[in-house]
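Protein chains: 2
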Amino acid sequence: MQADIRIVEVGPRDGLQAEAVTLPASVRAALVDRLVAAGLRAIEVGSFVSERHVPQMAGTAEVLAAARRAPDARFIALVPNLRGVEAALAAGADEVAVFASASESFSRRNINCTVAESLARFAPIVARLDGRLPVRGYVSCAFGCPYEGDVALAAVVRLAERLVEMGCYEVSIADTIGVATPRQAREVAAAVAAAIGADRVALHFHDTRGQALANIHAGIEAGIRSFDASVAGLGGCPFAPGATGNVATEDVVYMLNGMGLSTGIDLPALIAAGAFVSGHLGKGTQSRVARAQAARSVA
Amino acid sequence: MQADIRIVEVGPRDGLQAEAVTLPASVRAALVDRLVAAGLRAIEVGSFVSERHVPQMAGTAEVLAAARRAPDARFIALVPNLRGVEAALAAGADEVAVFASASESFSRRNINCTVAESLARFAPIVARLDGRLPVRGYVSCAFGCPYEGDVALAAVVRLAERLVEMGCYEVSIADTIGVATPRQAREVAAAVAAAIGADRVALHFHDTRGQALANIHAGIEAGIRSFDASVAGLGGCPFAPGATGNVATEDVVYMLNGMGLSTGIDLPALIAAGAFVSGHLGKGTQSRVARAQAARSVA
Chain A
1 MQADIRIVEV GPRDGLQAEA VTLPASVRAA LVDRLVAAGL RAIEVGSFVS ERHVPQMAGT
61 AEVLAAARRA PDARFIALVP NLRGVEAALA AGADEVAVFA SASESFSRRN INCTVAESLA
121 RFAPIVARLD GRLPVRGYVS CAFGCPYEGD VALAAVVRLA ERLVEMGCYE VSIADTIGVA
181 TPRQAREVAA AVAAAIGADR VALHFHDTRG QALANIHAGI EAGIRSFDAS VAGLGGCPFA
241 PGATGNVATE DVVYMLNGMG LSTGIDLPAL IAAGAFVSGH LGKGTQSRVA RAQAARSVA
Chain B
1 MQADIRIVEV GPRDGLQAEA VTLPASVRAA LVDRLVAAGL RAIEVGSFVS ERHVPQMAGT
61 AEVLAAARRA PDARFIALVP NLRGVEAALA AGADEVAVFA SASESFSRRN INCTVAESLA
121 RFAPIVARLD GRLPVRGYVS CAFGCPYEGD VALAAVVRLA ERLVEMGCYE VSIADTIGVA
181 TPRQAREVAA AVAAAIGADR VALHFHDTRG QALANIHAGI EAGIRSFDAS VAGLGGCPFA
241 PGATGNVATE DVVYMLNGMG LSTGIDLPAL IAAGAFVSGH LGKGTQSRVA RAQAARSVA
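Protein sequences appear in the order of chains A and B.
Under the numbering used here, the first residue of the first sequence carries the number 1, and numbering increases by one thereafter.
Under the numbering used here, the first residue of the second sequence carries the number 1, and numbering increases by one thereafter.
Isolated chain A (complex conformation) (with noise of 0.2 angstroms):
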């Protein structure tokens, strides 16, 4: 049975790249197996970027040697250039996502090119797959920049385009940094889904500044279907105690079955899968449903 909606768990990557704490990949594929029985069956395993920038990433290979795969579950790892994706096609992965940032400072400061140059690295990319992985796009920034402040909504829906065109079969569009609120959450969402085809179009929501459940109901009024999210809200700043990152995944399944939206995923297990996670960072859940779960046991 289809799911109503479609969750993809990038707490694994794009949440414990950012966490101070780094966990090896034994943990980290015993964190995968959770959610995969838990019913995500769309899961960021990891990424395979340089390690001496991003040591939370090391040993990706081992997470998917290691990782139990059910038949329907997807592991998708990022990648950055042709090394990547050679590192991913040998360790195994399901599927590769790529990025691209809609802001030129940001890109340049993160990622060191400029969008043409990383959407130029991208080719070799897709040629080397030859289709035999699908790949995911990321839209970074798409709803502001750190450094530029407002973000050309014609330069979010132009770079979604161009992923499509070189052979991307979806866009998430990112708040990477957790401005964004619900009208602007719609307007991205109906300008992008214009372009490149609503069933193309996933969000992907930072909770910086708890908007995120609001931006993504937002999203599902503008007929969007498919939501990144991060068990236990791994993510956040480790400059910044106490800084919220992705949107929790425990949070948006909650607000999805309130809704009468069905996901495939079983709550509890999730909740579950997140307390293992967050024991393993020695630190709190960032989801509140978890919260209030672990609060009324208590009392």
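No lab work stands behind these hints: they were computed from the structure.
Among the hints, a few may not be true.
Here are the in silico distance ranges between beta carbons for each label pair [to be verified]:
id: 1; chain 1: A; residue 1: E86; chain 2: B; residue 2: A269; range: 52 to 62 angstroms
id: 2; chain 1: A; residue 1: K283; chain 2: B; residue 2: H280; range: 23 to 33 angstroms
id: 3; chain 1: A; residue 1: A20; chain 2: B; residue 2: R109; range: 36 to 46 angstroms
id: 4; chain 1: A; residue 1: D72; chain 2: B; residue 2: G197; range: 24 to 34 angstroms
id: 5; chain 1: B; residue 1: D199; chain 2: A; residue 2: C113; range: 46 to 56 angstroms
id: 6; chain 1: A; residue 1: A272; chain 2: B; residue 2: S105; range: 28 to 38 angstroms
id: 7; chain 1: B; residue 1: D199; chain 2: A; residue 2: G131; range: 55 to 65 angstroms
id: 8; chain 1: B; residue 1: S105; chain 2: A; residue 2: H280; range: 34 to 44 angstroms
id: 9; chain 1: B; residue 1: A194; chain 2: A; residue 2: D72; range: 42 to 52 angstroms
id: 10; chain 1: B; residue 1: A65; chain 2: A; residue 2: P268; range: 46 to 56 angstroms
With the C-beta cut set under 10 angstroms, the calculated list includes, among others, these residues of chain B facing chain A [as the list claims (entries may be wrong)]:
id: 11; residue: L133
id: 12; residue: T181
id: 13; residue: Q184
id: 14; residue: N215
id: 15; residue: E221
id: 16; residue: D251
The structure displayed is predicted, hence computed values, not measured ones.
Using N, Cα and C, we set each Cβ at its ideal position, and we do this for glycine too.
Model the placement of chain B on the given structure of chain A, informed by the hints.
Coordinates of chain B only, in the frame set by chain A:
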């Protein structure tokens, strides 16, 4: 100029009454001063309830005496009975708030009377006021009850109608335990608005499961223009560390600003008011916007 959205600030009452630390009246008055300076024009400053049961609200008369008045700012006091009204009148409250529960079980356990009895207690309050002060009503547990679970929408609508008939200019429909999701928020808001008029409906969401902003967004779409919120997310449950209570006013204002909806509230001044009270409570703010702001200042 009329604001697009009316915010009723409930932090000094609904928020502080649920905090583990009891603040002296002088600090509470200083908080109210800061909220007025930030542009809030409807502030629940305290309640005249049993000091034995709710020690956090002792000295509400002193708060009303000490807080600086602004000609267009209304100081609201919650009153449970005729004695409370006498105290509110003597202390110079601008408005009183009364409450009833949509759930019989909650009514019996929380205020030790049936819903009908709680309405009956309300009649002498209105008679005593005789139109001198506006009266605001609360329907608590309107979205779910900790004892009964689901609450009948018909019961919520009927209670809201009764409160208006008895003289309330506005009825705040409250998700006391923070279980609502956006579809329910819209359904309940629309049903109550159909019965008493959208301009008499306010919505009051606790953010226990992170759903409050999404619910407010849904409420706006249902035509509601009045929302309760609590600076710094004051409230929460003293028995559950980390569990959040009321939605943070800062996060609501950030969302509304982003949606182009005016509130008349100055966000930086509001964040400063939240930092002031959080400091006195010796705990971190629950506002994610305030946290993000603090993180940005450090980074």
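Here is how each hint holds up against the structure:
no., hint, verdict
1, E86/A to A269/B: 52 to 62 angstroms, "holds, 55 angstroms"
2, K283/A to H280/B: 23 to 33 angstroms, "holds, 26 angstroms"
3, A20/A to R109/B: 36 to 46 angstroms, "holds, 43 angstroms"
4, D72/A to G197/B: 24 to 34 angstroms, "violated, 50 angstroms"
5, D199/B to C113/A: 46 to 56 angstroms, "holds, 54 angstroms"
6, A272/A to S105/B: 28 to 38 angstroms, "holds, 30 angstroms"
7, D199/B to G131/A: 55 to 65 angstroms, "holds, 58 angstroms"
8, S105/B to H280/A: 34 to 44 angstroms, "holds, 40 angstroms"
9, A194/B to D72/A: 42 to 52 angstroms, "holds, 44 angstroms"
10, A65/B to P268/A: 46 to 56 angstroms, "holds, 51 angstroms"
11, L133, "violated, 34 angstroms"
12, T181, "holds, 3 angstroms"
13, Q184, "holds, 6 angstroms"
14, N215, "holds, 8 angstroms"
15, E221, "holds, 8 angstroms"
16, D251, "holds, 4 angstroms"
Hints 4 and 11, counting from the list given before, are not met by this structure.
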